[in-house]
Structures are given as structure tokens and as C-alpha cells.
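Protein chains: 2
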Amino acid sequence: MGAMFFSLPRGVVLKLQEIVGNENVVLEPESYIYDETPPLIRPEASRDVVVVKPGSTEEVSRIMKLANERKIPVFVRGGGTGLSGGVIPTRPGIILSMERMNRIIEIDEQNLMAVCEAGVTLRQLLDAVERIPGLSFPPHPGDEGAQIGGLVANNAGGARAVKYGVMRNYVAGLEVVLPTGEVLNLGGKVIKNATGYDLLHLVIGSEGTLCVITKAVLRLIPEPGATYTLVIPFESAENAIRTVPEILRSGVIPLAMEYMDIGAIRAGERVTGKRWPHSGGKAHLMIIIDGMDEDELIRKAEIIERIAKTHGALDVLVGVGKKEQRDILEIRSLIYEGLKGETIEVLDVSVPPASIAEFVETCQREAERLGIEVLHFGHAGDGNVHQQILRSGMDGEEWMEKYLKFKEFAFGLASRLGGYITGEHGIGSVKKADMLKTLPGESIELMKAIKKVFDPNNILNLGKVVDVE
Amino acid sequence: MGAMFFSLPRGVVLKLQEIVGNENVVLEPESYIYDETPPLIRPEASRDVVVVKPGSTEEVSRIMKLANERKIPVFVRGGGTGLSGGVIPTRPGIILSMERMNRIIEIDEQNLMAVCEAGVTLRQLLDAVERIPGLSFPPHPGDEGAQIGGLVANNAGGARAVKYGVMRNYVAGLEVVLPTGEVLNLGGKVIKNATGYDLLHLVIGSEGTLCVITKAVLRLIPEPGATYTLVIPFESAENAIRTVPEILRSGVIPLAMEYMDIGAIRAGERVTGKRWPHSGGKAHLMIIIDGMDEDELIRKAEIIERIAKTHGALDVLVGVGKKEQRDILEIRSLIYEGLKGETIEVLDVSVPPASIAEFVETCQREAERLGIEVLHFGHAGDGNVHQQILRSGMDGEEWMEKYLKFKEFAFGLASRLGGYITGEHGIGSVKKADMLKTLPGESIELMKAIKKVFDPNNILNLGKVVDVE
Numbered sequence: 001m002g003a004m005f006f007s008l009p010r011g012v013v014l015k016l017q018e019i020v021g022n023e024n025v026v027l028e029p030e031s032y033i034y035d036e037t038p039p040l041i042r043p044e045a046s047r048d049v050v051v052v053k054p055g056s057t058e059e060v061s062r063i064m065k066l067a068n069e070r071k072i073p074v075f076v077r078g079g080g081t082g083l084s085g086g087v088i089p090t091r092p093g094i095i096l097s098m099e100r101m102n103r104i105i106e107i108d109e110q111n112l113m114a115v116c117e118a119g120v121t122l123r124q125l126l127d128a129v130e131r132i133p134g135l136s137f138p139p140h141p142g143d144e145g146a147q148i149g150g151l152v153a154n155n156a157g158g159a160r161a162v163k164y165g166v167m168r169n170y171v172a173g174l175e176v177v178l179p180t181g182e183v184l185n186l187g188g189k190v191i192k193n194a195t196g197y198d199l200l201h202l203v204i205g206s207e208g209t210l211c212v213i214t215k216a217v218l219r220l221i222p223e224p225g226a227t228y229t230l231v232i233p234f235e236s237a238e239n240a241i242r243t244v245p246e247i248l249r250s251g252v253i254p255l256a257m258e259y260m261d262i263g264a265i266r267a268g269e270r271v272t273g274k275r276w277p278h279s280g281g282k283a284h285l286m287i288i289i290d291g292m293d294e295d296e297l298i299r300k301a302e303i304i305e306r307i308a309k310t311h312g313a314l315d316v317l318v319g320v321g322k323k324e325q326r327d328i329l330e331i332r333s334l335i336y337e338g339l340k341g342e343t344i345e346v347l348d349v350s351v352p353p354a355s356i357a358e359f360v361e362t363c364q365r366e367a368e369r370l371g372i373e374v375l376h377f378g379h380a381g382d383g384n385v386h387q388q389i390l391r392s393g394m395d396g397e398e399w400m401e402k403y404l405k406f407k408e409f410a411f412g413l414a415s416r417l418g419g420y421i422t423g424e425h426g427i428g429s430v431k432k433a434d435m436l437k438t439l440p441g442e443s444i445e446l447m448k449a450i451k452k453v454f455d456p457n458n459i460l461n462l463g464k465v466v467d468v469e
Numbered sequence: 001m002g003a004m005f006f007s008l009p010r011g012v013v014l015k016l017q018e019i020v021g022n023e024n025v026v027l028e029p030e031s032y033i034y035d036e037t038p039p040l041i042r043p044e045a046s047r048d049v050v051v052v053k054p055g056s057t058e059e060v061s062r063i064m065k066l067a068n069e070r071k072i073p074v075f076v077r078g079g080g081t082g083l084s085g086g087v088i089p090t091r092p093g094i095i096l097s098m099e100r101m102n103r104i105i106e107i108d109e110q111n112l113m114a115v116c117e118a119g120v121t122l123r124q125l126l127d128a129v130e131r132i133p134g135l136s137f138p139p140h141p142g143d144e145g146a147q148i149g150g151l152v153a154n155n156a157g158g159a160r161a162v163k164y165g166v167m168r169n170y171v172a173g174l175e176v177v178l179p180t181g182e183v184l185n186l187g188g189k190v191i192k193n194a195t196g197y198d199l200l201h202l203v204i205g206s207e208g209t210l211c212v213i214t215k216a217v218l219r220l221i222p223e224p225g226a227t228y229t230l231v232i233p234f235e236s237a238e239n240a241i242r243t244v245p246e247i248l249r250s251g252v253i254p255l256a257m258e259y260m261d262i263g264a265i266r267a268g269e270r271v272t273g274k275r276w277p278h279s280g281g282k283a284h285l286m287i288i289i290d291g292m293d294e295d296e297l298i299r300k301a302e303i304i305e306r307i308a309k310t311h312g313a314l315d316v317l318v319g320v321g322k323k324e325q326r327d328i329l330e331i332r333s334l335i336y337e338g339l340k341g342e343t344i345e346v347l348d349v350s351v352p353p354a355s356i357a358e359f360v361e362t363c364q365r366e367a368e369r370l371g372i373e374v375l376h377f378g379h380a381g382d383g384n385v386h387q388q389i390l391r392s393g394m395d396g397e398e399w400m401e402k403y404l405k406f407k408e409f410a411f412g413l414a415s416r417l418g419g420y421i422t423g424e425h426g427i428g429s430v431k432k433a434d435m436l437k438t439l440p441g442e443s444i445e446l447m448k449a450i451k452k453v454f455d456p457n458n459i460l461n462l463g464k465v466v467d468v469e
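Those protein sequence lines, which keep their order, are chains X and Z. Each residue of the first sequence is one higher than the last, beginning at 1 in our numbering. Each residue of the second sequence is one higher than the last, beginning at 1 in our numbering.
Just chain X, with the same shape it has in the complex:
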């Protein structure tokens, strides 16, 4: 057992070893305590933890029962790809790593659903679905190492949400383990269900604080077919953003509709060593359309071109070839990845889609005033803006002061515009204080009371979202 300091009683560790087997209890937690949350702002993890890797729902149930009886904190861990510190163990306790529960149980072609364990990665699921001709699974938050349980627990979004919606739209059923160890099935292979309160939808997005997700039944849809990727530069964020609802109203619903300021594009170019198709303009839209054939794609591209030009588009470039489209997407996708080392935080406020321009332009001015570099990009079709705040060589005290001021400004502005502090990254441990400041007290009280209903001993992912007091 090594000689580490460890505050879990030896009896508990032995019991855990008995439940999952010796080889699935890890006492050197170093690679299990952080996620993709930028190091500069993530909370310090406790090293006084034991990593337990259950192989079945029954094992999860036994672990939870033990933890609940002894009131030992349990931190559920999926792929560790979150950006809000949702899996960081902020106290001594058990890390419940779902990695071994990685079986795809069934691809049900008759019901167009997939059934899988929570530890299946997005990549694994996509591989399994792609083997079946004509089927696809649309949600794609970016990192394919994300696990299904985490995608559900965080109601993952991503660029394709404009047309295909967020994770919530694809969850038909869940198997969950309550803190007491009870196993509960919610929904199933059904599309409609009006039988009592929708506990399924309450669990989606609850960030592992109400129960442990062990299995999911996911809806599949027909393959989207071929795609074109359009790049459209504008002189201002306002012109770019005003184009978005017009496109949606035209009846063309793009797969993705991404906004990027020129600074973000430059960063993506530097990281990838690739060239963006157009070097002019201050604000770009990257629009991916899909269609059953070339005819449909051309017709859609023409409609978008006409609308964009009436809103002052400097040009409309259409990427048709696979490589060309992949390169464009890579520049967009690697903005965050490439600048991770320099990044203080990536905010992801959600505002009414028509308010993106005002939000972005006002924030850009504030960043300039404060002297802090902020890249703006994000999902223009659904009002979800990403703001990557860079350190740019500032020392610890300087960046902290400017970052906090900028964040407060951005969150305050988002709230005044009728928006929220996070559209898809979630609260985790990093945005907890901000949530308490921006949501009405009555909402917070309801959330705390709901947490207490599910987890009266406050053992699940404590320090995240809300706690029982």
C-alpha cells in the first residue's frame, strides 16, 4: 500500500479493494486529479485521495453505499476533458474513475438507439456508430476523449448544436446510482415520456452532483451526408452577427455557424501553421452546411451567399474539398488547444443570439481598456460566445487583477443582456461563486434543496455546483 499520507481508514481501502479488486484501487492519484481546466485558475486538488475503478453498476452501487454510510466524499471522473474543474477532488476522498465501464452494449438499428456504459469515450461511440451504414451521433463538444457519462452530466454542446441540438436532445434513458447505492432507471428506449416529473432531464446537466451515471441510452439519427464549409469575412462583429438570424429564417439550418474575431483566427493559424482562406475583415463566420447531394449544397450555399452580401460580407469563400474543409476546421478547433499554456481561462457565456455583436464589441473595448488580450470566438448560431483570456507575459499579480475585472465585466454584461455565465462548460468548482452572484437567490435555494433530496449527506462531487449546507 506504499507509505503515502492517507486519511481514509485502512478498513475502507480494504473494502474498496474487495469490491473492485486490488488492481483497480490506485493509491498514486497524480494523473487523476485534474482535468483540462487552465492551471492558472483551477483549484488545488487534494492528493489525499484513492482512485477506484469500478467495472460494473453493481460495483458502483457497493462503493456508493460504503461511502454514504461512512460519509466519505466521492468525486466522479469521466474523460477529464472538462474546463470548469468539475472532477477535481477538492477534499480527501474517493475518485470514482469510470474508465473500465467502457462497453458499448448495443447499437439498436430498429429503434435507432445506442446503449452504452458511462465510461465509453465519444471516439469509441462514434467508431461503433460509423460501422452501421446510414447512422450517426451528432453531439460533438470537440475532445473525443470525453466519456458519455461526462457528456450527459454536463449536457455537452459543441459546434453542431445549431442544427442538431445539445446532448440533452439525444439522451433517451439513463441508469444511475444514487448516493445510497440504489440503482435507478430513468427513461429508456422511448422517445416520449410524460409519466411524472422528468428526473431524466434534471440529471442531465447536474454535473455528477446528484447521482452517478452508469449507463445511457442515446438516440441516433441518419447520417448528415456531404458538407460544404463557408468562410465569410465582415468589417464588424455587428455585420457578421446580423447575418445569422437571416440565414436561420431562410430555412437553411447550418450544421455549425461559428463566429471568430480576426485575433482568434490569427492564433489558430499560428498554432496549426495553416492559412485561413481570407486574411481581411475583423469578424468572420465559419458556416458548415450539410445536404443529401451536391445540388442541395449548392442551393444552400447560394442562399447564404446572397444573405451575407446584403449584410456587408467582404467575400464568401466555399470550401468544397475534404482537405480544404478539414484545414479550416482545424484552425478553428485548435485555437484553445494551441494557446493552452498562455491561457488564464476560457469563458463561455450564453447570450440571446442577436446580442452577440453587442456583447463581443463591448467586451473587446473593455479588454483594450484594461490592457488584457481576449480572443473572441464561439457558436454564433446559439449565442454561446467563447472568450479566451491570455496571460501575455503579465506577472501573477497583474494578470489576476485584470482577469478578475474582465470576468466580472463580461458576466455582468451577459446577465444584463438576459444571458447566463455558462452555455456549455458548466459550473464545476471554478464558476461556483459567479453562479451564486448572478442567479436569483430563490433558484439557488431550490437547487440546494434538490441536492439535499438526492444526496443528503453531501458526498457526491462536493464543492461543485451547489452543496448541502
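Derived from the structure by calculation, the hints contain no laboratory data. Each hint can be trusted.
You can't tell identical chains apart in this list, so a pair holds if it fits in one copy or across any two.
Cut-off 35 Å, straight-line C-alpha distance, at most; resulting in silico cross-link-like pairs (DSBU-like, lysine-lysine):
1) K452 with K432
2) K274 with K309
3) K163 with K407
4) K274 with K322
Following the hints, put chain Z in place on chain X, whose structure we already have.
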């Protein structure tokens, strides 16, 4: 004040009159106590009620505060189009009729959203949206007298849900009044929100038992364009149902995909005096497809025809003209309406879509065995089957015995197939005992505890879904 027996203290009635004005307190409740639930199985309403018609959120808040302090039951009433007795006052108390809160506050063309009060009818909303070129609101449960608050509270479905999803997918924000009188805003003009537990999605489908919905922010989408209506007869339910996932996989997502057995079609013909386009076959699919132009419609119709014929379709009839399509839809729509007088109940179980054939055929055999007439129709695309159980001249004791046996059989079979007792009609007062029998005890306990969090004094729509004990 009339001479009715009335158990509300006179002081409370005076206070209610002060809040909403004398003319908006009605002491003859007769036209406010029932909904569309078939009379044979609905619970007896209390006449010992006062109808109060608030004109604003503030008035709702003051009424709730008063009711909560005095622990007076409040029954929220929308358009009264429900089929589960969800609005029937089963105890003395206040009926809160939302009819005067019927203002459409805004059609926001930039954000593609409508903001309206809860008492706006579906017809009113559709009229307002149709005045704006290019926009539409897809959810359509049938009766356009339904109010928005009721559509949200019951997460309404309808035939168009195959392509466009249920009400839940169109609710971006809600203003609600808690039993304490607190006004709370959930969501807003935002498409994505990951800021804490999703209280919005918990309220959707809670049937007015957690809070009073006073306003809704609803998403709008582009107009679907032109439609074709296909009628496809098959020799068996199994052949018809096997066609459905194949069509969905082909990439053609119909607007509606309705299943009807020949008995249901005959009933619809009798009621409307119109002829269904094909008189053969035992099981029919009625499929509505939409498209941007004739080309797209023809292409989609051809794909469906090819698939249907490989599954034994006897014929594929394509309704192209407006009148022709309207007639077909009318026969489908009036099955329930026309037979209302003879109807004991309409069940609406939700099963895995691929299990519809097994469900329908097994239930048909059981109905024959019991000697009770049951029409089968429903939303084949999403596994939501309607079973209209007819009295067919049986006397009180006979129909009650056979109906109860059939219902128990159907609910039991739905559960064994992994389904639920209601897909869109909800629990209300009529299905409460059945829900308690078919859901796991742990789910019921969580629902009761959540009810207690929102409504500790158990004043809201008591007797519906779950109560605080």
C-alpha cells in the same frame, strides 16, 4: 355572492376580489371544473370552488401568497383540453384560470423567439407567428384552444414531434410563480444554458404541481415549406411498423408518421363523412413530408415508396393537393372527437418505436378475447400509441370490468417492453394510481421530495401526479 354552499371563508373571497377585481371572481364554477377527459372515467369535481382570473403575474403572486398562508388548494386551469383530469378540482379551493393572461408580448425576429403570457392559446400564437413571413411554431398537439402554459406544463407532443420534437424543445425561458408567491425567471432568450441544475426542464411536464407558469419564451423555426401526405396500407401492423425505422434511416425525416388500424380509419370516415384514399389492408401509415420545393418532395416520396414496397406495402398513395391532404388529416384528427360520446378512455402508452407492432397486435388479441372494442392509432415515428377504448353499448358494470382488465394488460405490456404508461397525455388525476404501480418506488420518492421542495404545503394541483404526504 349568491346562496351557494361555499367553504372558503368570506374574508378570503373578499381578498381575492380585491386582488383581481369583482368581475374576475366567479362563484358559479360549472364551466371551469372539467376538461376533455372522457366523462366515464374522470373523477368527480368539487363544486365548492371559486374561479379567480388573474390579469398579471403580480396578481398570480398575490393569490398564491394568500392561498399558501391559508393553505387553500389552488387548481391551475389553462385551455381545459387535457385528457387526464389534470385541471379537475378534486377538493374545495381556488381555480386559477389563466384566460385573461393572453397577451403576446413580443415576436422577436432577431432571436427567432416569441414571448407570451401563459393564457395565450395555441391558435393565437400561430396567428401571430404566421403574420411574420418565414417563421413557424411546430408543436401541435391537436386542439388549438390549448393554452401555452398548459402546453409547457404537460410537455405537449402531437403528430409533428417526429421531425420537430415535443414542446420541451421549444421552451427557452419561463416566468413562474412559486407557491410562496415568489416570481422566478428560468432560462430566457438563450438557447444554451449550463448554469446550475436545469429547473426549466424540471418544470416542463410537471403538470402545474410545482409552480404556476405565467410567461414563456418560445423558440421559432423557419416555415417547413410545402407538404405531401402519403397513405400506405399494409396487411399487418408488423409490416407497417417495420417500415418506420427504415424511412428514418434513409435520411428522410417526415413531419409526421402516423399509424392507424383499419378500425380507427373506418371510425374517422364515419365521423367525417369523408373517404380514406384506400380501403384495403389492416394497418395504414399516414406520412407527411415537407420540403423547400416540389423536387425535394418528389425525391423524398420516391425514397419512402421504395422502402414501403420492400416491406409489403399494398400501395403508396400520394396526396399532393391542399384539399386532398386536408381531408386525410381530418379523418385522422377526428377519430377521437367523433367518438367522444362512446369513449371510455384514450390511452397513450409510449413504447420503444420498434415494439409498436408487438404492442398493437398483442393488445388487439387481448381486446378480442375480452370482447371490448379498441381502436389503435398514434405516432408511429416516436412509439406513442393511442388506444381508444369504446363502450359499444355495454352497461356500467360490464364496461368497467373489461376496461380495467384491458388497461392493466396494456400498461403491463408497455412496461415489460421498456415503455411508460403515458407519452404525452400526462398523469393528471386519472393515471396517478397506475403511475404508482408501474414506476420504481425510488422514482416516486424522489418526485414526492421534489414536490415538497417546491410546494411544502401541498396546495398546487393536489391530487395530481404526486402529493406531499
